Structures are given as structure tokens and as C-alpha cells.
Amino acid sequence: MKKIELLAPAGNLEKAKIALLYGADAVFVGGKTFSLRARASNFERDDLSELVSFAHQRGKKVYVTTNIIPHDEDFQALGDYLSFLENIGVDAIIASSLALIEIAKKHAPNLAIHISTQTSTYNSSALKYWEKKGVSRVVLARELTIKELKEIVPKTPLELEVFIHGGMCAGFSGRCVLSNHMTMRDANRGGCAHSCRWNYYLYQKQDLLPGFFNFGSKDLMAVHFIEDLIKMGIASLKIEGRMKSIYYLATVVRAYRTLIDCYYEKGKISDEDLKEAVIEIAKAENRQTSIGFFGGVPTVNEQLYDNRTETPTKEFVGMVVDYNSETQMALIEQRNYFSAGDEVEFFGPFKKAVTFIVPPFVDYETQEELTVARHPLQKIHMFVPIPLAPYDMLRLVKKENRFD
Amino acid sequence: MKFIVELQHKSQIKPYQAVAGWLIGVESLSSQGSAFFPISELPGIIVEAQTNRQFVAINANKIFNDAELVKAEKVIDELKKLDIKYYFYTDLGFFELAKTKKLPLVYQASTYLTNSYDVNSFLKENENVVVAPEISFDELRAITKQAPREVMVEAFGRLTIFYSKRKLMTNYFQYRSWDNNPRSGDYSIVEEKRTEHYPIEENESGTTIYSSHFYYLWEEIWSLSNVGYLLIRTKWLDQAFFEPLIKVYDEYLSEKTGDIKSLGIDLFQGALYRQSLLTKVR
Numbered sequence: 137m138k139k140i141e142l143l144a145p146a147g148n149l150e151k152a153k154i155a156l157l158y159g160a161d162a163v164f165v166g167g168k169t170f171s172l173r174a175r176a177s178n179f180e181r182d183d184l185s186e187l188v189s190f191a192h193q194r195g196k197k198v199y200v201t202t203n204i205i206p207h208d209e210d211f212q213a214l215g216d217y218l219s220f221l222e223n224i225g226v227d228a229i230i231a232s233s234l235a236l237i238e239i240a241k242k243h244a245p246n247l248a249i250h251i252s253t254q255t256s257t258y259n260s261s262a263l264k265y266w267e268k269k270g271v272s273r274v275v276l277a278r279e280l281t282i283k284e285l286k287e288i289v290p291k292t293p294l295e296l297e298v299f300i301h302g303g304m305c306a307g308f309s310g311r312c313v314l315s316n317h318m319t320m321r322d323a324n325r326g327g328c329a330h331s332c333r334w335n336y337y338l339y340q341k342q343d344l345l346p347g348f349f350n351f352g353s354k355d356l357m358a359v360h361f362i363e364d365l366i367k368m369g370i371a372s373l374k375i376e377g378r379m380k381s382i383y384y385l386a387t388v389v390r391a392y393r394t395l396i397d398c399y400y401e402k403g404k405i406s407d408e409d410l411k412e413a414v415i416e417i418a419k420a421e422n423r424q425t426s427i428g429f430f431g432g433v434p435t436v437n438e439q440l441y442d443n444r445t446e447t448p449t450k451e452f453v454g455m456v457v458d459y460n461s462e463t464q465m466a467l468i469e470q471r472n473y474f475s476a477g478d479e480v481e482f483f484g485p486f487k488k489a490v491t492f493i494v495p496p497f498v499d500y501e502t503q504e505e506l507t508v509a510r511h512p513l514q515k516i517h518m519f520v521p522i523p524l525a526p527y528d529m530l531r532l533v534k535k536e537n538r539f540d
Numbered sequence: 007m008k009f010i011v012e013l014q015h016k017s018q019i020k021p022y023q024a025v026a027g028w029l030i031g032v033e034s035l036s037s038q039g040s041a042f043f044p045i046s047e048l049p050g051i052i053v054e055a056q057t058n059r060q061f062v063a064i065n066a067n068k069i070f071n072d073a074e075l076v077k078a079e080k081v082i083d084e085l086k087k088l089d090i091k092y093y094f095y096t097d098l099g100f101f102e103l104a105k106t107k108k109l110p111l112v113y114q115a116s117t118y119l120t121n122s123y124d125v126n127s128f129l130k131e132n133e134n135v136v137v138a139p140e141i142s143f144d145e146l147r148a149i150t151k152q153a154p155r156e157v158m159v160e161a162f163g164r165l166t167i168f169y170s171k172r173k174l175m176t177n178y179f180q181y182r183s184w185d186n187n188p189r190s191g192d193y194s195i196v197e198e199k200r201t202e203h204y205p206i207e208e209n210e211s212g213t214t215i216y217s218s219h220f221y222y223l224w225e226e227i228w229s230l231s232n233v234g235y236l237l238i239r240t241k242w243l244d245q246a247f248f249e250p251l252i253k254v255y256d257e258y259l260s261e262k263t264g265d266i267k268s269l270g271i272d273l274f275q276g277a278l279y280r281q282s283l284l285t286k287v288r
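In order, the protein sequences belong to chains H and W.
FYI, the numbering for the first sequence is 137 to 540, going by my numbering.
FYI, the numbering for the second sequence is 7 to 288, going by my numbering.
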């Protein structure tokens, strides 16, 4: 049985490496052109090459988004770019334009093609269409229920990819031009202004109804459906959010990695495993979540009406750069203010979180003894009698007993 | 160049010189449209249209799940017995199904056909395509010019700017604990810092938001080459405006006289002449 793929987003090289180290089997990233999420950092060509090497050395994959709905001007230099992606060994492109796919077949014939969710592929008949176009995978529309997914999977030889976590479009992806009309920012070329999350007045004929009308969606969290999705034969589980932080990525990827591994090790995911995953994700997920369409057409529970509310998360305060297991000294890069006396959790890829009270520490550059780490990216040396490794992270649990 | 006009009511079929055909919404195949006619009414509509040397096209603009496609196939089998000139569709699943039935297909993908390359690719496998309306006039002119044969272009109507499978009105009224009818068809939304009203409608297929004004092409029509049919969509158009609108376009296309602005309809030209604020990094 082929193990299901865990696919994570990455807005830059650091995020991509973190996602892969924390358990993603593949990452999807955007280049500077042809990619949605214009505001995500997106990759220069050199970064893409480095990422592909980094991933392949670890037996992992890199997919590059080319899923804008292009205008004529966007096709300039497309063939050259696709050839470059093929040459550096990118594992697949994600596309939504039929013409772009045809150009890819011509200029980069060995590059696998995944169909983007921007195409709203929502039925097995549409899968047949894409199968005939020679693509290897389809990212399904987020509007499919678990029941519908179960019916579709056996009807196609294509790999199917399903979103499991992150932002949900309120409408069919690729068919929404709200942002275009509200702001002249083209939602389908990376300029989405998320107009579906704004406040609107609702009128019935000429009468203004009280309060704001909202129609945005809560984010998706599918921890309770992972076992179903594995069993039905989905090829890839996708986490959304190329703009998210490394801390968010590490936390969410690690939680889903743990669930997937639980299933393959024990044959099932227990309620305890699920509970732990939900608690873990809540440490980084500050937006309200729901099950999206998995349980059926969304009800009031899946809508985002209180869209100014963000739930508090655990604060990401540092990342381990190096660890000497003999001296038990950790070299830590500060990412947010913390103090000696704080209760923190160390967590890392494939290891449980361990709580720890921060002792006094020293500045790595000046060797000055410190009780507070105030400066972003400041490197500090700290005695930590817990086995650590580079890329392990610290998150704040309690600020009590601070030395300052 | 002639028009295909979305029909609101059977009584609107008249021998307008510039109207080549009528676009008909039908239950089970259409999700957005002025009216959804029962199949039983179609033979009468076709006879009436053909009396005027006009054809009938079907609006199959729903996005289907597998179960809905099974129902759609039964409807298609009924429709195949009738003289239907075109089937306008948006779901490639519908394309796969309809192709096996050898139906004459027009791909009206709305947001997707924004460039010459895709237009030309889809022209190869369809009878025709409708170019996306949210593009600049320069782009529209270039796309039509570069098409290897005639395409279709939207000339008038409220544009569909958002389509969701969600029951957004039902959910909202439930959230508010109001007993409003979510499907009364008389709602609009206004963004808190703006003034334009965007009609919003929920039906069995989900929820649709339409543009705040009626998009229109007028003098631009004469600058377009390779356009076989112009589409007039009449969703949200007051029935009182239907005949004057068709007449004014009819006159304009036949004799270059008249002025659409004289009708007093809320008009706009969408993205035709507006500079996109898209942030692109090259």
C-alpha cells in the first residue's frame, strides 16, 4: 500500500525546509511568475534549485504552482520557465490553464502536471477530461464531501489530492472575481483581496437589515477525516497557506504527520491521537476552523460570522540552531521576546513536546549573561538538559516568574 | 454579428432582426439564469423561435457533482429529441458527458477564458466559446482578432462575480435567528465602505453574487473582429426593460442608431477601461 503524501505550502526557502524537516513528504511553492499568492514571498530561480536538491536528498518532492488564470501577457517566457523547472528536477507543476498545460507538454515533456483546485474539478467526468490531457494528478474542488470523495476515487486512475487544512474560499476557486470588482485586484492572478471576508450590509429590496452580513468561511481542519481519506485511496493531503509562518508550518505539519504515521503503525487513529492533534494545532492556529464540506454542504457552523475574532496561540519564541549533546548547551535563535523563568515547550520533528523552565543564558556574540532575549534573531547559548537538534523550536507556555 | 438573448419569459420571443437565438435556462442543468423553464415548455418555445427564424440554446451552467450528472444525462437525452442549436456549459465534466452524446457545445467558463491561448485551445474541442468579460478592451480585441474562427462575447448583463455551493443566505438567517425567506430573490449586499449594491441570490445550486451594474458593450462592438454572436444576459433586468433593450441593440446593430444610455439602466463597462491594480512581480 502506497503511503499517503503529506503536502505542505511554503512561501520561501526557509519555510520549505522547515515543512520538509517537520514531516511533509512534499512542498508546493510559487516562482516569481505564474503563481497565485502574489503577496507570498515566492522563489527566485536559485532558491528553487536549492530547494529541489534539499528535498530530493531526503527523498521528498517539490511542486511548483503555475496556476494563475493567465492573460496573454502572462505567456511571455513561459516556455523557458517551464524548461527551467524541468531541468532542475521539479517533480510537478500545478496548473489550471489548458493552454499552459499544452505549452508544458511541448517545452517540458517530462514535467508531471497536477491540475489545480482553481479548475473546480468536482466530478469523475471532469477527471476523465483531465486524464485525457495527460496529467498525473488532480487537486479536487474543496466543495466535495467525504461521501462524494469515496464515490469518485475508484472511478479514476489519476492521483487525487485533497485539501485538509487552511483557508477556504467561500466560493468555487477560480470562478470568483469579487476581488476584481471590489478592488481591481485580479483574484485569479495572485491579487485576491479576500473580499469574501469583509463586512457587508444586507438589503432586502430597499430595506437595510440590521448588523453586518458576512459570508466568509472558517478555515478547514480535517484531523477527524484523515483515516477516511487514507482508506479511500486519496494520494495526497494538502495543507494550505504559503503566507503562513515557519512556526505555523512546523506545528501543523507535525500534527498531521503524527496522525498519518499513527494510522500506518497501528492501523487506526485513536480518539486520543485526534485529541492530541487538535491541541497541538491550536498552539499555532489562530483562526476559527471547521470541517468545511467534508460533512456535507456547510451549515451555519462552518461560516465565519465573527471574523474579527482570532483565538490566542502559543507564541513562537526561538529556534535551535545547534546542540552539543556532551555539554548540553543549545544555540538558540530568538524569534520573539522571552525571559528566564518562562515556561516553554521544546518541540521538533518526530518528537514529543517537552516543557522546560528557561534558565539564565548568555549572548552568543558578547558572552554577556542575560535573563531576557529582546532582539529578533539574537543568538543565545542556554543549558538545556533535553536532547535537541537543529530546527527544533521553542514556544512560550507561561510567562510567570519572569526575571525582568 | 447577431445576438443570443437570455429569455425571461416565453412571451418575449419576437422577430427581432438582430436576435439569432434565445438562451434558455432549464432545471437540472442551470444554476444561474433569468428563468428555469420546465422541459415540457421547450417544444413550444422552439416552435415559436423557429417561426421567427431564431434558434434555441440551452444554458447548462451548473457545476455538477456525480449524482447531478446522472440526472443531467437523463435531461440531455430528452433534449436530444429537440432542435437545440447550442449547449452553453461551464463544467468540463458536462463536456465529457455531452461529447458522448455529440451535442453542439459552447464553453462559457466565465473567468477562465482570459487569453488567446486558452480560447484557441478550447475552440478546438467545442463548437464555440464565450470570452471572459473581466478583461480589458485591448485584451478582448486581441483575443477575438487572434481567434481562428468566430467566438462569442458577452455584450450585456449583470456579471456573475461569485458562485458558492454554500447556502449563504440560509446560514446567515439561521445565525441571526431570523425567519426571512432566503430564496425570495430580493436581496443585495453593499460593502461597508462602498455604495454599490450587488444582487445576491440563493437557490438549490448554491449562492451567486452578481455585478453591481449591467455590463455593456456598445461602440466597442464595431472594433471586434471574429465575433459570431454577442450575448445579452437578462438576469435582474426588470421585464419592463427587456423589449426596449433588445430594440435599442437591434437598431444599433442594424442601423447604428439609438443610444443604450437613454434607457436609464444602471450600466458599467467592468474592466474594459480600468487599470488593474494587480500586484505582479516580474
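In short, the hints are calculated from the structure, not lab data.
Mixed in with the good hints, there may be bad ones.
As the list claims (entries may be wrong) - The calculated lysine to aspartate or glutamate pairs, modelled on DMTMM-like cross-linking and capped at a C-alpha distance of 25 Å, are: (1) H:269 to W:202; (2) H:269 to W:102; (3) H:268 to W:133; (4) W:87 to W:133; (5) H:269 to W:89; (6) W:199 to H:141; (7) W:107 to W:144; (8) W:77 to H:287.
Claimed, not checked - Just the calculated beta-carbon pair ranges, DEER-fashion: (9) W:155 to H:320: 23 to 33 Å; (10) H:457 to W:130: 30 to 40 Å; (11) W:73 to H:435: 52 to 62 Å; (12) H:379 to W:73: 46 to 56 Å; (13) H:270 to W:155: 17 to 27 Å; (14) W:130 to H:245: 15 to 25 Å; (15) H:291 to W:33: 23 to 33 Å; (16) W:275 to H:270: 17 to 27 Å; (17) W:73 to H:369: 43 to 53 Å; (18) H:245 to W:246: 51 to 61 Å.
Please read these numbers as outputs of a predicted model, since none were measured by experiment.
Heads up, the beta-carbon is just placed ideally off N, CA and C, and yes, glycines get one too.
Evaluation of the provided hints:
| no. | hint | in the structure |
| --- | --- | --- |
| 1 | H:269 to W:202 | 42 Å, violated |
| 2 | H:269 to W:102 | 12 Å, holds |
| 3 | H:268 to W:133 | 19 Å, holds |
| 4 | W:87 to W:133 | 19 Å, holds |
| 5 | H:269 to W:89 | 31 Å, violated |
| 6 | W:199 to H:141 | 44 Å, violated |
| 7 | W:107 to W:144 | 37 Å, violated |
| 8 | W:77 to H:287 | 16 Å, holds |
| 9 | W:155 to H:320: 23 to 33 Å | 32 Å, holds |
| 10 | H:457 to W:130: 30 to 40 Å | 56 Å, violated |
| 11 | W:73 to H:435: 52 to 62 Å | 20 Å, violated |
| 12 | H:379 to W:73: 46 to 56 Å | 36 Å, violated |
| 13 | H:270 to W:155: 17 to 27 Å | 26 Å, holds |
| 14 | W:130 to H:245: 15 to 25 Å | 20 Å, holds |
| 15 | H:291 to W:33: 23 to 33 Å | 26 Å, holds |
| 16 | W:275 to H:270: 17 to 27 Å | 39 Å, violated |
| 17 | W:73 to H:369: 43 to 53 Å | 20 Å, violated |
| 18 | H:245 to W:246: 51 to 61 Å | 58 Å, holds |
Checked against the numbered hints given earlier, this structure breaks hints 1, 5, 6, 7, 10, 11, 12, 16, 17; the rest are met.
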